[in-house]
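Based on these hints, arrange chains F and A on the given structure of chain B.
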Amino acid sequence: MWKWLHPYAKTENAYQLCKTLQPYFWGVAVVALVVGTIWGLAFAPQDYQQGDSFRIIYIHVPSAILSMSTYVAMAVAALVGMVWQWRTAFMAMIAMAPIGAVMTFIALFTGAAWGKPMWGAWWVWDARLTSELILLFLYLGVIALYSAFEDKQQAGKAAGVMALVGVVNVPIIHYSVEWWNTLHQGATISKFDKPSIAPEMLWPLLLNLLGFAAFIAAVTVMRLRNEIVRREIQRPWVVELAQQELGGRNAV
Amino acid sequence: MNALLNGVFKRDLALAYRQKSELVQPLMFLLMVVTLFPLGIGPGPETLQRIGPGVIWIAAILSSLLGMERLFREDFLDGSLEQMMLSGIPLFLAVGVKVLCHWLVSFVPLLLMSPLLAMFLNLTFDMYVALVATLLLGTPLLSLVGAIAVGLTVGLQRGGLLLALLLIPVFIPLLIFATSAVDSAALQLPYRAQLAIIGAMLMLALATAPFAIGYSLKVSQN
Amino acid sequence: MSGLVADNLTCIKQDRVLFDQLSFSLLPGELVYLRGPNGAGKTSLLRILTGLSQPESGQVLFHSEPLNSVYRDYSTQLVYLGHKAGLNGGLTALENLTFWLAQSQLLVSTSRLYEVLELLGLVGLEDVAVRYLSAGQQRRVALARLWLKPSVYWLLDEPFTALDTSGIALLEDTFNNHVRNGGAIMCTSHQPLSERAGPLRCMDLEYRF
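Residue numbers (my numbering), protein chains in the order written: chain B, 11 to 262; chain F, 24 to 245; chain A, 1419 to 1627.
Okay, chain B solo, but in the shape it has when bound (with noise of 0.2 Å):
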């Protein structure tokens, strides 16, 4: 049932895919995000509470769903790599942590931006925001793992046993990190506990959550054909291509 995939575990067809997903993911990402961007800011209404400092969560809530969801594509990726042993599910894993990491750094920052408004103080330790702290721990542990190798197939493999662990992690952390701050009563209440959102307010959210989601996936495939491309340097399809390349800038 899986058999459509397995062609892909050659570098080559990896590579091709990529090329042809890119353009498309772009696109949407950027009109997702144009559109919904502009929407949440400026048209959709104002919270009746907190005024126009709600908008954030036009960054904040889908940086913070995708930071958790890339985490969880790593380890599924790690996963195919180990049983199939395919070489690209490695590159794909590890194309996806820094951009990753940086979905985490963004809930983190807006989060602390929205925090001061609301709560008074730029941190607070709050659940959410604490297990994304974590959860910018694990994916800076996965990114210095695979950097502290010098064979990249090794670190690819290391790295994915380490995204494996961590997703074993990822849920228990959550919860546990919510069970220690209803214990110590330290933050007041959740910011998503309103009982429901106005489809005014929801339709833009849901847009950038698509546009976000789309523009990881350009990125993650961008940076896997430069992974494929550095990592295959030395073989003839490779060499074959940045001929072509080379050729049809000098034509021009």
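If you're looking for bench data, these hints aren't it; they were derived computationally from the structure.
Computed from a predicted structure; not experimentally measured.
Accuracy of the hints is not assured; some may be wrong.
[What the hints assert, rightly or not] Below are the DSS-like pairs computed for lysine-lysine, each with C-alpha atoms no more than 25 Å apart in a straight line: (1) B/K162 x B/K29; (2) A/K1431 x F/K241; (3) F/K241 x B/K162; (4) A/K1502 x A/K1431; (5) B/K162 x B/K20; (6) F/K241 x F/K43; (7) B/K162 x A/K1431; (8) A/K1567 x F/K241; (9) F/K33 x F/K43; (10) A/K1502 x A/K1567; (11) F/K33 x A/K1502; (12) F/K241 x A/K1502; (13) F/K33 x A/K1567.
Coordinates of chains F and A only, in the frame set by chain B:
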């Protein structure tokens, strides 16, 4: 069975016995870190009791990170590890036994030292019982999960700090549940739930970690 | 096919191709002398043959079966000695070998153990921690495995390093004996093997860019 008992278990215990000073050093570190807190924060008995469980657990995690590399590093460097992998013993069993040895020689002494730590930080008897229970369930988890990261970093020249960076975030849930169990004991509240969760994490690690350790050692051999 | 067969092995280290589509076989009754300049991939090849490393593509067959599926059988038939001696410096020669035998699930009597140590000129040193032995003596302790484990396949990475002339002669005689008794040896060495080692087949690995 014989191979595991005589070839791995006895060997690691014999080695540990010869390298006693290396085993004592993390414990001394633990004791010193715990000593720093009353000096830095103030010796008020109530303050100490408040922070005590957290301090002991944080110190235990940090000191365990110092001794963790012992698990495979020497064996990796001198080639004993590759001979063990070629010996035909199932790798997950062999590493399981090695982790057990590591736990016996590094954490059982810590358990023996725990009454002293409890006295230093003015823990009540109930809190001490809870502390021992969490240590009993939690320290094997440290060994098991730590061994995965040691397996991954064993081939790196400077793996020590990286090991800590990889492991500290992973140990956070354990820290939270363990300290909250002791805190509950201080308030005379039941803490079975926390113990059950730590136990569940331990079971999960027992079932999966040996395979992950084996895989990571194979990656390091590559 | 019996024996150890390398089937289209490709090895890439640090994104450099060491060897590509390499196929050969190692049969009982032959000594293969693996030659090549530094960095040509001799050690990588031997480690792939032991199953410690995985090739980029291709596979190693043992009695026509992939290595993974017959690994327990294979490990009883294999002695691998790498660059690293596999001896713990804090343990004595005797302890190191005893633990190694236990790991390999071999029962060897103490008298046999002493016999081998005597053959290697290590008597009197068996209860000294290995780290206090000279490099040549450590190498001899590591080599003792060849006599202690009854096995067919010997994969030896630079076994002559640090050995003196009498040690080299002893090892070469042993090679000759082993091959005549149906053993198979693949070994790398920087100095060429002498006549004593018996008939041998050379295999060359080239340094590739």
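Comparing the hints with the structure gives:
| no. | hint | result |
| --- | --- | --- |
| 1 | B/K162 x B/K29 | holds, 23 Å |
| 2 | A/K1431 x F/K241 | holds, 15 Å |
| 3 | F/K241 x B/K162 | holds, 15 Å |
| 4 | A/K1502 x A/K1431 | holds, 19 Å |
| 5 | B/K162 x B/K20 | holds, 17 Å |
| 6 | F/K241 x F/K43 | violated, 29 Å |
| 7 | B/K162 x A/K1431 | holds, 9 Å |
| 8 | A/K1567 x F/K241 | holds, 24 Å |
| 9 | F/K33 x F/K43 | holds, 15 Å |
| 10 | A/K1502 x A/K1567 | holds, 18 Å |
| 11 | F/K33 x A/K1502 | holds, 22 Å |
| 12 | F/K241 x A/K1502 | holds, 16 Å |
| 13 | F/K33 x A/K1567 | holds, 21 Å |
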